[in-house]
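Top to bottom, those sequences are chains U and H.
The working numbering applies: residue 18 is where the first sequence begins, and numbers increase by one.
The working numbering applies: residue 21 is where the second sequence begins, and numbers increase by one.
No lab work stands behind these hints: they were computed from the structure.
Incorrect hints may have been included.
Stated by the list, open to error - If you anchor each label on the Cβ, the simulated ranges turn out as follows: (1) U/N367 / H/L186: 50 to 58 Å; (2) H/K189 / U/N367: 49 to 57 Å; (3) H/T86 / U/R426: 45 to 53 Å; (4) H/Y455 / U/D136: 34 to 42 Å; (5) U/Q60 / H/S101: 29 to 37 Å; (6) H/P225 / U/D408: 53 to 61 Å; (7) H/K66 / U/D29: 51 to 59 Å.
What the hints assert, rightly or not - Straight-line C-alpha distance at most 27 Å; calculated DSSO-like pairs for lysine-lysine: (8) U/K422 / H/K368; (9) U/K378 / H/K374; (10) U/K378 / H/K368; (11) H/K374 / U/K365.
In this text, all values refer to a predicted model and were calculated from it rather than measured experimentally.
By construction, the Cβ of each residue, glycine as well, lies at the ideal position given by its N, Cα and C atoms.
Take a look at the letters that make up each chain.
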Amino acid sequence: MNPIESNQLPLDEMLISSYEMSRETIVRGDISKVELMRDTALQHFKTNRFPDSTHEKWKNTEIENLTCEDFVQLIEPAQADRNMDELFRCEVHNFDTEIVSMLNGWYHDSNEKLRTLPDGVVVGSFKAAMNAYPALFEQYYGEIAQNTLNGFTAINTALVQDGVFIYVPDGVNARKTLQIIKMIDLEENLFVQNRNLIILGRNSSLSLMHCDDSINQHSSLVNTVTEIFVSEGARFELYKLQNLNDQSGLVNTTFIRQMADSTVKTNTLTFNCGLIRNTIHINLDGSGAHADVLGLYLMDKSQHVDNQIRINHNQPNCTSNELFKGILDDQASAVFNGYIHVARDAQKTNAYQNNNNILLKPTATINTKPFLEIYADDVKCSHGATIGQLDQDAMFYLRSRGISKANARLLLMYAFASDIISEISIEPLRNRIDDMVKKRLRGELSVCEKCVLHCGSPEKEYHFDIDYSKL
Amino acid sequence: MDNNPNNNILEEVTTGEYKYGFYTDIETEMAVPGLTEDTIRFISAKKEEPDWMLEFRLKAFRHWLTLSEPEWAHIQYPPVSYQDIIYYAAPKKKKELSSLDEVDPELLETFNKLGISLDEQKRLSGVAVDAVIDSVSVKTTFQDTLAKHGIIFCSFSEAVRNHPELVRKHMGSVVPYTDNFFAALNSAVFSDGSFCYIPKGVRCPLELSTYFRINAANTGQFERTLIVAEESSYVSYMEGCTAPMRDENQLHAAIVEIVAMDHAEVKYSTVQNWYPGDKEGKGGVYNFVTKRGLCKGRSSKIAWTQVETGSSITWKYPSCVLLGDNSVGEFYSVAVTNNFQQADTGTKMIHIGKNTRSTIISKGISAGKSNNAYRGLVKILPGATNARNFSQCDSLLLGDRCGAHTFPYIEARNESSIIEHEATTSKISEDQLFYCNQRGIDTEKAIGLIVNGYAREVLNKLPMEFAVEAQKLLSITLEGSVG
Chain U
18 MNPIESNQLP
28 LDEMLISSYE
38 MSRETIVRGD
48 ISKVELMRDT
58 ALQHFKTNRF
68 PDSTHEKWKN
78 TEIENLTCED
88 FVQLIEPAQA
98 DRNMDELFRC
108 EVHNFDTEIV
118 SMLNGWYHDS
128 NEKLRTLPDG
138 VVVGSFKAAM
148 NAYPALFEQY
158 YGEIAQNTLN
168 GFTAINTALV
178 QDGVFIYVPD
188 GVNARKTLQI
198 IKMIDLEENL
208 FVQNRNLIIL
218 GRNSSLSLMH
228 CDDSINQHSS
238 LVNTVTEIFV
248 SEGARFELYK
258 LQNLNDQSGL
268 VNTTFIRQMA
278 DSTVKTNTLT
288 FNCGLIRNTI
298 HINLDGSGAH
308 ADVLGLYLMD
318 KSQHVDNQIR
328 INHNQPNCTS
338 NELFKGILDD
348 QASAVFNGYI
358 HVARDAQKTN
368 AYQNNNNILL
378 KPTATINTKP
388 FLEIYADDVK
398 CSHGATIGQL
408 DQDAMFYLRS
418 RGISKANARL
428 LLMYAFASDI
438 ISEISIEPLR
448 NRIDDMVKKR
458 LRGELSVCEK
468 CVLHCGSPEK
478 EYHFDIDYSK
488 L
Chain H
21 MDNNPNNNIL
31 EEVTTGEYKY
41 GFYTDIETEM
51 AVPGLTEDTI
61 RFISAKKEEP
71 DWMLEFRLKA
81 FRHWLTLSEP
91 EWAHIQYPPV
101 SYQDIIYYAA
111 PKKKKELSSL
121 DEVDPELLET
131 FNKLGISLDE
141 QKRLSGVAVD
151 AVIDSVSVKT
161 TFQDTLAKHG
171 IIFCSFSEAV
181 RNHPELVRKH
191 MGSVVPYTDN
201 FFAALNSAVF
211 SDGSFCYIPK
221 GVRCPLELST
231 YFRINAANTG
241 QFERTLIVAE
251 ESSYVSYMEG
261 CTAPMRDENQ
271 LHAAIVEIVA
281 MDHAEVKYST
291 VQNWYPGDKE
301 GKGGVYNFVT
311 KRGLCKGRSS
321 KIAWTQVETG
331 SSITWKYPSC
341 VLLGDNSVGE
351 FYSVAVTNNF
361 QQADTGTKMI
371 HIGKNTRSTI
381 ISKGISAGKS
391 NNAYRGLVKI
401 LPGATNARNF
411 SQCDSLLLGD
421 RCGAHTFPYI
431 EARNESSIIE
441 HEATTSKISE
451 DQLFYCNQRG
461 IDTEKAIGLI
471 VNGYAREVLN
481 KLPMEFAVEA
491 QKLLSITLEG
501 SVG
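Here chain U stands alone, though its shape is the one from the complex (with noise of 0.2 Å):
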C-alpha cells in the first residue's frame, strides 16, 4: 500500500503535485494515446479546478465541502485483508449476473484482468484492456468525455487509475447481465478515480448493473468517468444503484454516443450517499436513436443529489425521454438540470423531459431546473416539473377505508416512485429494487443492508402492513 499522504496541502494542489511526483508510478503500461490524454487533461485541471457553488452549474451543490477535505490518492492497489470473494456476492434472488468487481478504485482480480466470456462479450480491468485491445483505446478512448466540462472529468483523464472496460462485438447479444460491484474499503479517506470504457458493436446488446457502495464508514469521494459508445441498432441497459454511507461523495459523469437506430436506458437509482452528482450526456449522433433516462432519489437526513441530464438532438428523427422523481425527507437537498439541446436542422425530433418532486418536510430543499435549446423548428419538445406533497384526497381515500396515516403515506410514496421501478425490464432485479424502496420508504434499509449485495437470505418479498381488501 502506498498512498500520498495530503500534507494539508488543498485537494487540488495535492493532487497535481501527486501526479507530478509519481507520473512514472501512474503512467506505467499505459499506451501512448493514454498517456498523452494525462497531460492535457492536468493541464485543463490546472486551469479550471474544482468547479465550486458559485459556478452556474454547480449551483445548490456545495460540493466545495467535499473537495475542501483531506483525501488519500492510490497510485497502486491496496492489499486486500478481507475475503473479498466472500463480500463480493451478489444476492438478487433469482437473478444470475456476471459479476465484475472494484475495490478501492482498482480492479478487484480475483481470476484473470482479462476475460472473454462464452458469448464473445470480453469484460476486464481497464488498464489491461488497452494493452490488449490498444486499436479500441486508439478509436474510442477519451472521444467523448469533455476535460474541458469540469475539474472533475479532467482530473480523471490524468490521473485515470483503473476501471471497467467491455467490449461487445457486432451482432453479439450478452447473455448475462453484467453487474459492475464497487466497493470503498480503507481505512483512510480515499479519492477513488475510476474510468470505465464501455463499446458496444452493432446491432449487439448488454444490459448493466453499475452498483456504487461502501463499506466502513469513512468518508470517500469517488469520482467515476464512464464513456459508452452504442453503434448501430445496439440496444444498451444501465441500471446503477447508488447506495453509500453518509460520509461519501460520489461524482459520476457518464459520456453516451449513440449512433443510428441505437437504443439506450438508463436508471439512476439513488437511496444513500452523503454527496451525489450524477452527470449523463447522451449525444444522439445517428438518425433514429432512442434513449430513456430515468432516475429515482429517496433521501433524507442531510443528504444531497444532484442529476445533470444533458441531451444532445444533434441528428434527425431521434426521441428522448427523461423522467425522474424524487422524494425527500428531513435535511435532504436534491438538485435536477434537464437540458435538451436540439442542434439545427435535427428535424423529427421527440424530446420529453419530466422531474417530479415530493417535499415531506419543511426543511428539505429541491432547486429543478428543466431547460430546452432548440434549433430545428419541426420538433416536439415538452417538459414538465412539478414540487408538491402526497396528495390529499388519496390521502383522504385510504384514511377514510382505515387505513393508518403512516400507511397510507407509505402506499402513496411507493405508488409515486413506482413509476420508475416498473420501467425496470429485468424481472429479479425489479421485484429487488422494489423491496429496496419499499423498505428505504420504512426507513429499514439498516446499515447492514444498505448495500445491494448484503440484503441477506433470497427472502420473501416484503410487504407493507396494508389490507388491500379495504380499497
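For this one, chain U is given, so just place chain H on it according to the hints.
Relative to the frame of chain U, chain H by itself:
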C-alpha cells in the same frame, strides 16, 4: 419540408419592416459622451436636483464601477463601450409648458406619427399620457383630472422636486442600486421617467400611460419609473416605446419599481417596440431592463403583461416579490423575435409570505434567424406556507433557422407549496393549416389566425387600447401577410 408551399409564406412572414424608424429633427441638448462622476454631476445639475439625489447617483456609480457585465444570458453581442454613449439628451425646452400649444410642433408630429396623440383626442379615449423623449419627460396629460383624486402622475424629475419625501421613501426600495450591473448604471445616470402615486382607497379612473422614445443618435435612454399604490388602491399602467432606425446599436437600461400596499392592485402593461435592427441584424436597441414589483402589503396584487416585439436584444425579467401574506403575482408575456433579434426574457416570482400565489404564462414566437429564450425563477422561501405557482411557457418556431429556448429555475424550500411547470415547443402543425385551408382560409390568413390564437391568452390581459395596438404590432413584426 422542402416542397412545402408554406415556405414562401413563412419567408414573407419573417421579413417585415419597422414602421417607427423615422427620425425627428428636434433641437436637442446633449451631454458630452462618456461616463465619469462629472457626467453625473452634469446630469444632476441640469435637472436641478437636491443633494440627496446626487449622492444616490454617485453611490450607484461607484458601485457600478465594481461590477462587470452579466454574461449568463443566452445572448451574444459585441462589448458595449460605455464611454462612447451620450448619457443625457433632451429636446431643448424654452420654458415650462403649460398648454399643448407650446409643445414643439415637430414633437407633436412625432407623437402623432406614433399614434400617440397628446392632444384633445386623447381626452376622448380617457388615457393619461406621460411622454418621455430621449431622456426627458416632455408632456404629461390629464394631470388636473388625476389631481382631483389625489393621484400624482408626473415626470420623475417633477416628483423629485415636488414630492421628495415619497421619492426618497420608495426609490431603490424594490430595485436597489446594488441589484445588478444595469440597475446600478441606471441609478447613476437616469435622466427622467414617470412617477405615479395612488393614495389610499383610490381606484384610478384612467389608464395611465407612458410613451418612451429614443430620438437622438448615440444616446442611451435610462429612464426610471416608480409606482406606489397605497392601501386598497388600483391602477392600470401602460408603457410603450419606439426608436428611429439607426445602424449603430443604442442602449436602453431602464428601471421600473412598483410598490403595492395592503389590498392594492397594480396592472403594468408594456408594448415594447424598440427598433429591432435591420434584416442583416445591423443596428437596433439593446434593451437591458430591470423591472420589479414588491407586493408589500397583505392581499396585494401585481400583474405584468408584456408584448415584446422590438429591440435587437432583450434582457428583461419583470419580477414580483410576494412579501405580504396572500399576495398575488402574475406574469403574461408574448415575445416575438425575428431576423437576428435575441430575447432572453422571463420573470421571477419570489414567494416570501404565506398563501402567496403566482401565475406565469409565457408565449415565445421565433422567426427568421432569431433566438428567443424564456428564463424564469420561481422561488419558495421557508416561510411561504401554502404557496402556489403555475407556469406555462410555450414556444412557437416559424422557420428552421431560429431557436427557442426555455430555462426555468424552480427552487422550493417549503413542503406545503405546490409548483407546476410545463412547457412545449412546436411549430404550426400541418394539421392546423390543413384544417383552415379545408374551410377556405388561405395559408397566410391561417398562420395569422393561429399565431393570434396562440398569443390570445396574453393579449386578453392587456387593456383594450393596448390590445389593439399589440395585435397590430404582432402582425407588423411577423409581417408578410399575417394579421
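So which of the earlier hints does this model not fit?
4, 6, 8, 11
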